[in-house]
Amino acid sequence: MPTTFDTLKREQAFRNPSDKEFQTPSLQKVAAPHLESFNAMLEYGDDKHGLLEMAVADIGHKAVFDGKGKDGKLGNKLSFWIDKVMIQRPMLSDKETRSIERKIFPTECRERLITYRGKIQAHLSWRVNDGPVQTESRLLGLAPIMVKSNICHLQHLYPAQLIRHHEETEEMGGYFIVNGIEKIIRLLIIPRRNNVSALIRPSFSNRGPAYTQFGCAIRATRPDQTSQTNTVHYLTDGGVMLRFSWRKQEYMVPAMMVLKALIDTSDKEIFDALCMGDVENTFLTDRVELLLRGFKIYSLYTRDQCLAYLGDKFRVVMGFDDDFLDREVGEGLLRKIVLVHLIDRRDKFNLLVYMIRKLYALVSGACCADNPDSPQHQEILLGGHLYGMIFKEKLEDWLTTVKQHITLDVRKYFTRTLARVPSDVGQKLSYFLATGNLVSNTGLDLQQATGYTIVAEKLNFYRYLSHFRCVHRGSFFAELKTTTVRKLLPEAWGELERFVCPVHTPDGGPCGLLNHLSHTCKVINEPLDVSQIPALLASLGITQTVVHAIRGAEQVAVQLDGRIIGWCEPRLAERVAKTLRFWKVEGGKGVPLDLEIGLVPPSHGGQYPGLFLFSTAARMMRPVKYLANGKTDMVGPFEQVYLEIACMDDEVVPGVTTHQEFAPTNILSIIANMTPYSDFNQSPRNMYQCQMGKQTMGTPATAIRHRTDNKLYRIQTGQTPVVRPDLHNYYGMDGFPNGCNAIVAVISYTGYDMEDAMILNKSSHERGFGYGTVYKSEIIDLGEMKQQGEGILHHFGMGKDADKKWREKLDWDGMPFIGVTLKDGDPICAYVDDTTGRTHVKKYKNHEDGLVDEESLAIISQKSLGDTPPLFTCNDSGDQECQKVHIKLRITRSPIIGDKFSSRHGQKGVCSQKWPAVDMPFTESGMQPDVIINPHAFPSRMTIGMFVESLAGKAGALHGIAQDSAPFKFNEQFTAADYFGEQLIKAGYNYHGNEPMYSGITGEELQADIYIGVVYYQRLRHMVSDKYQVRTTGPVHNLTMQPVKVSTRRRIHSIRNLPSFISPSSAYYALGNAYGRKRAGGIRFGEMERDSLLAHGVSFLLQDRLMNCSDYSQCHVCRLCGSIVSTVSIAPTSLSTRRDIECRVCGTSKGIDLVAVPYVFRYLATELMSMGIKLTLGVKP
1 MPTTFDTLKR EQAFRNPSDK EFQTPSLQKV AAPHLESFNA MLEYGDDKHG
51 LLEMAVADIG HKAVFDGKGK DGKLGNKLSF WIDKVMIQRP MLSDKETRSI
101 ERKIFPTECR ERLITYRGKI QAHLSWRVND GPVQTESRLL GLAPIMVKSN
151 ICHLQHLYPA QLIRHHEETE EMGGYFIVNG IEKIIRLLII PRRNNVSALI
201 RPSFSNRGPA YTQFGCAIRA TRPDQTSQTN TVHYLTDGGV MLRFSWRKQE
251 YMVPAMMVLK ALIDTSDKEI FDALCMGDVE NTFLTDRVEL LLRGFKIYSL
301 YTRDQCLAYL GDKFRVVMGF DDDFLDREVG EGLLRKIVLV HLIDRRDKFN
351 LLVYMIRKLY ALVSGACCAD NPDSPQHQEI LLGGHLYGMI FKEKLEDWLT
401 TVKQHITLDV RKYFTRTLAR VPSDVGQKLS YFLATGNLVS NTGLDLQQAT
451 GYTIVAEKLN FYRYLSHFRC VHRGSFFAEL KTTTVRKLLP EAWGELERFV
501 CPVHTPDGGP CGLLNHLSHT CKVINEPLDV SQIPALLASL GITQTVVHAI
551 RGAEQVAVQL DGRIIGWCEP RLAERVAKTL RFWKVEGGKG VPLDLEIGLV
601 PPSHGGQYPG LFLFSTAARM MRPVKYLANG KTDMVGPFEQ VYLEIACMDD
651 EVVPGVTTHQ EFAPTNILSI IANMTPYSDF NQSPRNMYQC QMGKQTMGTP
701 ATAIRHRTDN KLYRIQTGQT PVVRPDLHNY YGMDGFPNGC NAIVAVISYT
751 GYDMEDAMIL NKSSHERGFG YGTVYKSEII DLGEMKQQGE GILHHFGMGK
801 DADKKWREKL DWDGMPFIGV TLKDGDPICA YVDDTTGRTH VKKYKNHEDG
851 LVDEESLAII SQKSLGDTPP LFTCNDSGDQ ECQKVHIKLR ITRSPIIGDK
901 FSSRHGQKGV CSQKWPAVDM PFTESGMQPD VIINPHAFPS RMTIGMFVES
951 LAGKAGALHG IAQDSAPFKF NEQFTAADYF GEQLIKAGYN YHGNEPMYSG
1001 ITGEELQADI YIGVVYYQRL RHMVSDKYQV RTTGPVHNLT MQPVKVSTRR
1051 RIHSIRNLPS FISPSSAYYA LGNAYGRKRA GGIRFGEMER DSLLAHGVSF
1101 LLQDRLMNCS DYSQCHVCRL CGSIVSTVSI APTSLSTRRD IECRVCGTSK
1151 GIDLVAVPYV FRYLATELMS MGIKLTLGVK P
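According to full-length UniProt numbering, the stretch in the sequence shown is residues 1 to 1181, in order.
No lab work stands behind these hints, which were simulated from the structure alone.
All figures in this text were calculated on a predicted structure; none of them were measured in a lab.
Heads up, a few of these hints could be off.
With a cut-off of at most 20 Å between alpha-carbon atoms, the simulated DMTMM-like pairs for lysine to aspartate or glutamate come out as follows [what the hints assert, rightly or not]:
1) K95 to E881
2) K29 to E11
3) K73 to D326
4) K62 to E168
5) K336 to D321
6) K268 to E250
7) K625 to D649
8) K843 to D781
9) K487 to E526
10) K884 to E790
11) K711 to D834
12) K62 to D322
13) K786 to D834
14) K578 to D594
15) K248 to E43
16) K969 to E639
17) K62 to D445
18) K843 to E854
19) K248 to D445
20) K884 to D811
21) K403 to D66
22) K1027 to E854
23) K73 to D94
24) K313 to D323
25) K845 to E784
26) K1174 to D1140
27) K522 to E639
28) K578 to E526
29) K884 to D373
30) K84 to E96
31) K73 to E111
32) K9 to E168
33) K711 to D322
34) K336 to E168
35) K313 to D286
36) K823 to D834
37) K62 to E111
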């Protein structure tokens, strides 16, 4: 069981990086879903036709007419279309002529704070009438390029070459660089494509007066990965309507009209197709008969009539060319809207009939509704596919805009029109990546418009990895009040938990919505070759789709990617599924390994039966062992529900179990697998550790010198854990250490270790335990000072008028010296203003001292030609001097009292005291603990895994071995206590991990055996230096006169003497912009803090803090009526200059007193008065 540290191997790889292979190949697979989906835009499948090429072909032609025809004809026709679109690799602008090296690499984009992008070159073709085709190449802007994609310069580079380009040795790619910031298109869960789902939704009833809650929906996907959802609705009179959305508008069409428009058919054929010989089912036959009779009101009897009717109604909506006949418009509607994943009209007819039959079965109770929250009916929206969908829409929008701008004389002005039409498609793609907001005319068949991209934060390596494996349910579901979408379903064991990790999800708002893929789960990107599947199925006895030969009550449909290819009896379907699976695993008969074979057996009121085969992209798959031959089988979430898969060896039932897990840890994500002995812990603690592991001050990167992140955390004394799972080495976590091995004693030694507080050994602190550094970026952009259209008026540097004190910190070029310490108010850079000729400085504004670590100018990386000196330029053209500089400051963060630490079991606590080593307890061998924690941290949290880690770490340190901490390894017969206890005994220590310890103060032996061992501790990024706040006076809100605070909603804490029907906790007022620590905002002081001060008996201090120093004010109150809003000031008379205060209610100035009240109380009284509520005060002298 012990694993190895691989110290020498890692050191050798670090000192001598390879130029032929990666040290950790598994890391390259982490970002595979992102990279492969982006690569598919240019190369998809064996024919190498990319999705972008398919999208351009689907856009088709646009046409306009000059209206000069005779007899009312349209006149000359100009047709134009996009013939081809190419995305080039990132290169310098053609206007920049001074550089020999033309390539732009990702590091340069990070340091220059620009976007990593390449040119979009489009070939636009056009012709007039039937004349010759003319083609012109147009530049459509610059498209952001995914790092390490097939059009990135880093593709096929290995560690040695990556280091030469200032990248990580194990650079994974999979992200974009937009304005110097790394951005990721997050993976989203969407409905499974080309699969008919039966739904019961009360909202369906709101579609119209006769609509019910029953429906069947399918998300049909085109070859270019764009999709169109079709839904059939059941009406109260038995009718069926087809609903679809086009350009964010919903339309309803009778399903019978669509059936008749698809093929030349008769009512008899439609009746036979819907009933399939099941004439004894009167529920079905009655409704089919009503369906046919109800359609008679349209007086449409042939296919051409139905197509013409549809074309007439949807001509304006669809936007087809003016010369299209109504029939052609109708055909275009069916092609672009109805079941777009199918090409053949007969296939569309068969599937629409299948949908109606399933809808009737749902209404009758013959089958149940499908759960859209189950992974069985879900797939992943990949970043590259979404990028391509947006790309296609923007190209089509450009063509549409060109069509709208073309003048009447098409022969003369077409090229001039192209010049007038904005064509920067790349800028729209950059906006999407920078903001995550989808600006779309069609909505792209998605449910949300925001939240598509996230920043690939390199807080530490755990967090960075998690970004590529996280899967979000969608921002639409985050706003729902129901918790159904967040829950682990009863059927989740064997389904969800083996594709999506059940542990790795945040607590709080995103809980259950933001999940992470299990570490063996992969997302299919390449299309599979299933051309031989129909012939194989026919050889196995599958009946072809002939309506008259099918008995619907006795046979089930066989579908391949949403296309019905045959029918068979349920017993035959079972044999076919088993045979296909055997051929699939063996690799014969042309059945691909990633084919999903979902057999749904018949049941009474269960899921609608059938044999469903899926080979499309964006599906989740994972490996399991096929027990029939011991080989690897790839299974998906649809088929896994009906498979017998054993987790452990003792769960295998001969003749029943067909598959077995390779390892029980396969259900967990990469980060969840890093929690040692997680099966010993209470489940919420494992969830907390997944979060805290990503909040740890670790090692974010090895190329920190070349990074320009806004803030980076780094621990200087990172160590490899003694206790770690095999996957720790598999994913190369030792290259990015996240904490330190600490000697931890569980003892209540002083009063400073109460609750979750921990005592830190002062000597351990001085040796570097938990010592960290924060890197902060300061970006100075002189271009922000000039007005639009002005030239460059500011230049970095110092003039002759520069203050001598500035020269102590700044060099002649206006930049600070490397290594200089900057304090609050010190100059950080200098520039000269041409308008005045004077030197100005930008000052450092931070209460912490910062050391200048790096400086980088936002310039083009140039190798000068000949003897020409290099010119520092900041734009791609190379004709403008540098106006932007990035300065990296290093701030040391030694652990102080109040900083947070955590073990890998969700046991977090703050450092309460740094205890002198002479007063720390020690063992018989002279060992002193680095950390002391309180025993009360364990009983309620039930983190037994931390006890086991302490045992294992102690044994591992004594024997010099790394202990395997993978979960599900021990059981009742083979216990962790026995295994590690024996190791401790061999090393001469107590079997249970306890040791006698001696007081460091008195030297006497403590009257208890203390549990002491080695635990890997993490220092969290939550530090007092970032959060402490002090305020005397400062900005106040102009409405309440209270100190402003961080939140945009502020609780009013200083309300006194509220009416009995208003509680202090319910008094909220919405304020304007958020203020915080940086703007001298107020400190949160709630009801619990108030109660604690009252319990201490310091009510005068409470009054001073909450009123005198908060919103103290004086106002007049009438003793007679008790009102503070009825007192008014009376203007002085000619006989006296004194202004009297009078109560308008009582009509007298007698009984008016001046009292001190919080200003917000006066505001409350005014608000109550506006609602007609009188507030009366009892005033006593």
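Here's how the hints hold up against the structure:
no. : hint           : result
1   : K95 to E881    : 15 Å, holds
2   : K29 to E11     : 23 Å, violated
3   : K73 to D326    : 16 Å, holds
4   : K62 to E168    : 47 Å, violated
5   : K336 to D321   : 15 Å, holds
6   : K268 to E250   : 31 Å, violated
7   : K625 to D649   : 12 Å, holds
8   : K843 to D781   : 14 Å, holds
9   : K487 to E526   : 31 Å, violated
10  : K884 to E790   : 17 Å, holds
11  : K711 to D834   : 33 Å, violated
12  : K62 to D322    : 10 Å, holds
13  : K786 to D834   : 12 Å, holds
14  : K578 to D594   : 15 Å, holds
15  : K248 to E43    : 31 Å, violated
16  : K969 to E639   : 28 Å, violated
17  : K62 to D445    : 23 Å, violated
18  : K843 to E854   : 17 Å, holds
19  : K248 to D445   : 9 Å, holds
20  : K884 to D811   : 17 Å, holds
21  : K403 to D66    : 12 Å, holds
22  : K1027 to E854  : 26 Å, violated
23  : K73 to D94     : 47 Å, violated
24  : K313 to D323   : 16 Å, holds
25  : K845 to E784   : 19 Å, holds
26  : K1174 to D1140 : 24 Å, violated
27  : K522 to E639   : 16 Å, holds
28  : K578 to E526   : 24 Å, violated
29  : K884 to D373   : 49 Å, violated
30  : K84 to E96     : 27 Å, violated
31  : K73 to E111    : 60 Å, violated
32  : K9 to E168     : 18 Å, holds
33  : K711 to D322   : 57 Å, violated
34  : K336 to E168   : 45 Å, violated
35  : K313 to D286   : 30 Å, violated
36  : K823 to D834   : 28 Å, violated
37  : K62 to E111    : 43 Å, violated
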